[in-house]
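Novice: So the chains spell out like this:
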Amino acid sequence: MREPLVQFLFLALVAFGINSWVNHGEQNNTKLIISEKLRSQLFHRYELQFGMQPSLSEQNRIVEQYIESELLYREAERLKLSVGDDMVRQRMIQLMQQRFDSQVVSDVEEETLENFYTEHPEYFSLPARLNFSQLFFRIDPASLTLAKERATSALSQLKLVKDPTGIQSDNFAMGRDFKAMTSVNLRSTFGQSELSEQLILLLDDPTKISSMDQDWFGPLQSGYGVHLLRITGYTPEEIKPFADIKNEVYQIYQSIRLRENSQHQLNMLREKYEIQY
Amino acid sequence: MKFNTNQHIIGKIYIPLLLLIHTQSFAQNIVHRQAYFGDLHLHTGNSFDAASAMTRTTPDEAYRFAKGEVIQYFGRDIQRKAPLDFLAVTDHSEYLGISRYIENPGNLLEETLWPSRLLKALGSMREYLGIFSPSAFRGIVPPVTDFLQDEIVSTIWQDQMKAAQAHYEPGEFTTFVAYEWSPMPDGAHMHRNVIIKGPVYPELPYTALDSQLPEDLWTWAEAQQQRGVELLLIPHNSNLSDGLMFALRDSQNNQLTKDYAERRQALERLVEITQIKGTSETRPEFAPTDEFADFELIHFGDSPPQGSGYIREALKNGLLVSQQLGVNPFRFGLIGSTDFHSGLSASEEFNFPGGLGDGDEQSNPRRVLEDKNPLMGLPTTVMSSSGLTGIWAESNTRESLFEAMQRREVFATSGTRVQVRMFAGWQLSLNLTSENWVQSAYSLGVPMGGDLPPNEDESLAPTFILHALKDPDSGNLDRIQVIKLWLEDGNTHERIYDAVWNDTRELDVNFNLPPLSSTVDLAKATYTNTSGATELLGSWQDPNFKADQQAVYYARVLEVATPRWSTYLAVSNNLPISSDVPKLIQERAWTSPIFFEPQNKTIR
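Chains A and B, in that order, give the protein sequences. Heads up, the first sequence stops at 277 in this note's numbering, and the numbers go up one at a time, no gaps. Heads up, the second sequence stops at 604 in this note's numbering, and the numbers go up one at a time, no gaps.
In case anyone wonders, no lab produced these hints; they're calculated from the structure. Hints are supplied without guarantee of correctness; some may be wrong.
[To be verified] The calculated DSS-like cross-link candidates involving lysine-lysine, where the alpha carbons are at most 25 angstroms apart (straight line), are: (1) A:80 / B:67; (2) A:240 / B:67; (3) A:246 / B:67; (4) B:67 / A:179.
Source: prediction; values computed, not measured.
Next comes chain A alone, as it looks inside the complex (with noise of 0.2 angstroms):
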């Protein structure tokens, strides 16, 4: 860099350089150019679309809708007219949480699903479940008060003698029985309840569940009636075998390295920017 022509040479290059860059826009936005190249582009959609090449009035009309629809996008550009548009702004994020998720490779080997699976085996894990028996009380067209005193009644009978047989309850139409009921099930068949809710309690602690030796218990309300219950059987949360859900494993792999390679991105972001609160 010490011959004064080079030193030239480098100035007037970056000074052809920043005029070029503070005129770019300015230039690109006022002169439309319909070069030979975009034409066929334009023609070759309609030619796509329309499985035939565009007559010259067809070619005259493309190239005008071009034009106008074009002027008005760089007319948008120039007001800013993106700016506080909550649609450009959400497509603006898509496209970079795609960029984002485009950089994690989506082959993985075998050996490193294994590995991830035996580190992490609570995603792959099967419930906890109940088996139950159930008594039935409805609350119409009687009312709830009748329906507990004669569920109460009843229980302290079962309390002599566990068999239900001859124990007056009323019918219910999804059996007296229930097996493998995970909390899932529990919510979905009895509702939102105090019956589920105590269920799920006893999945969570099932140390409770050997003291009760089969006895019977209750009221417990659901969305249905007045339920009297005994516990029969308790499964507890077991890890799938990884051969059976290779796939799962590397979907579940998979979106955590999504997740976290967006985070890592955000953070890098986060330390480009000053943000004041």
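Assemble the complex: chain A is given as a structure, and chain B must be docked to it using the hints.
Specialist: Relative to chain A, chain B alone:
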């Protein structure tokens, strides 16, 4: 006329197990069927119109949401209170998944203008939709052939199938490989969902760009059946079909033929009665005596609604055609679906996040309550949170659910999980207090969707057993009605009977049951469930039965009034309740019909 409540049954019909063996041979095996709830019509971001409305949800997310997982929608965590038992993702087969495909590195359209054009247009629904030339669905302009290359369609189709296979857990959660065929002749919705049983699948889906004509879709479906593909075609949104869906002409405006009726009956065994874009049962102008006909109705355009776009009229017309041709083309069962374009089957009224993408931002509740939905051009509040399908099946597997759909033992709901059973038989006097009454009903009668065979004793009227169990998270039950449609002197007729209820109400002089008083507190958008019943069970005998008349019977279960989703949204945000729509809703369920044909039906 016999109207039975539970007390009636206990008091009057309690005849010790009158299980007379009928001369007809009904199912002899013990049948244990339970109700499974799900959705057979849902769009994700792989449908071009959903993508235009900013929906990005994938089929994978759609299945996970249906299973009960939390999914984000417009920045909010959304979760069903009660997960579903089954789901079919039915993205439009036209340009299936292109919106997402062009984002994949190395895709076959990478070198074309399409990716940039689509991405640039994504902010504008109109421009985005314009690229896909929906007018191609109307047969006006040729389709965008770039998007229809077999290699591209096949890749996307394989992805749709993979998502369905990955989430199928026999016994726990069932998925169906499916799609929607979406022709729009002159703007009329003539859409059918194609639900495939598996494990044999079509290599590519059939699209409205292949043909706009249902008869061509049937030809395709029959060819698939020859290959071993088992499938069902389910028409929907007949309310938006300009009366074409159940017209008494074929799509070329020819008179219906026996061949047409046979093909349609075999392939279109189910019809969707309710969904986000309205309920297609009937309208007050077609059913002036039906006090519950005005339910979640949507109609487009200036021309008046046509009866042949509505299911009750179709069922009646089917009897006429059957008399003329010997075959009923409109012998179908009923299902309910969402048709949401959000990828989330979130049909719970009290937990409804919207279903059409852009316009559903409940973080801006005023926009939801006051603006038009961009995709539909109607107030967003008019959209319905309907619906769900109930299937009576032995187990939650593809085989069991599909067989139940084939035999039409299915019912529709407006989005709640009301369970409803209906059986018909000639001597169906059962002890309904017995725990085993369902077994007896299967042994001695036919369930919903079935054919009631003629009886030798023509003086006997059929008896119907009706049962409904409430959704544990929704309103109590008001009543079960039987809707009878029949043919008499060459004309069709309809009559609605209030058949089962469980309180002290009595029928008025017109044989109508008075309404229950509402327990809704509008200021708080709450209700108490202190009226109505948790369960209804009773029998009903047709008081006007004639053994020489063709008839169709279906049941309708009404819940007590509860707040509509638009009311919940307004109250929880301290905004005025919308006046575009009713403040309350009587959620409901519809059974598939039971069909009766006389022994010596005259064929002209």
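Novice: For the pair supplied as a hint, residue 240 (chain A) and residue 67 (chain B), confirm whether the alpha-carbon distance does not exceed 25 angstroms.
Specialist: This hinted pair holds, its Cα atoms lying about 18 angstroms apart.
Novice: Check the hint pairing residue 246 (chain A) with residue 67 (chain B) against an upper bound of 25 angstroms on the C-alpha distance.
Specialist: 19 angstroms, holds
Novice: Checking one constraint from the list: CA of residue 67 (chain B) to CA of residue 179 (chain A), max 25 angstroms. Satisfied?
Specialist: 19 angstroms, holds
Novice: Regarding the pair residue 80 (chain A) and residue 67 (chain B), is the alpha-carbon distance no greater than 25 angstroms?
Specialist: With a Cα-Cα distance of about 44 angstroms, the restraint between residue 80 (chain A) and residue 67 (chain B) is violated, given a limit of 25 angstroms.
This entry does not satisfy hint 1, going by the numbered hints stated previously; all others are met.
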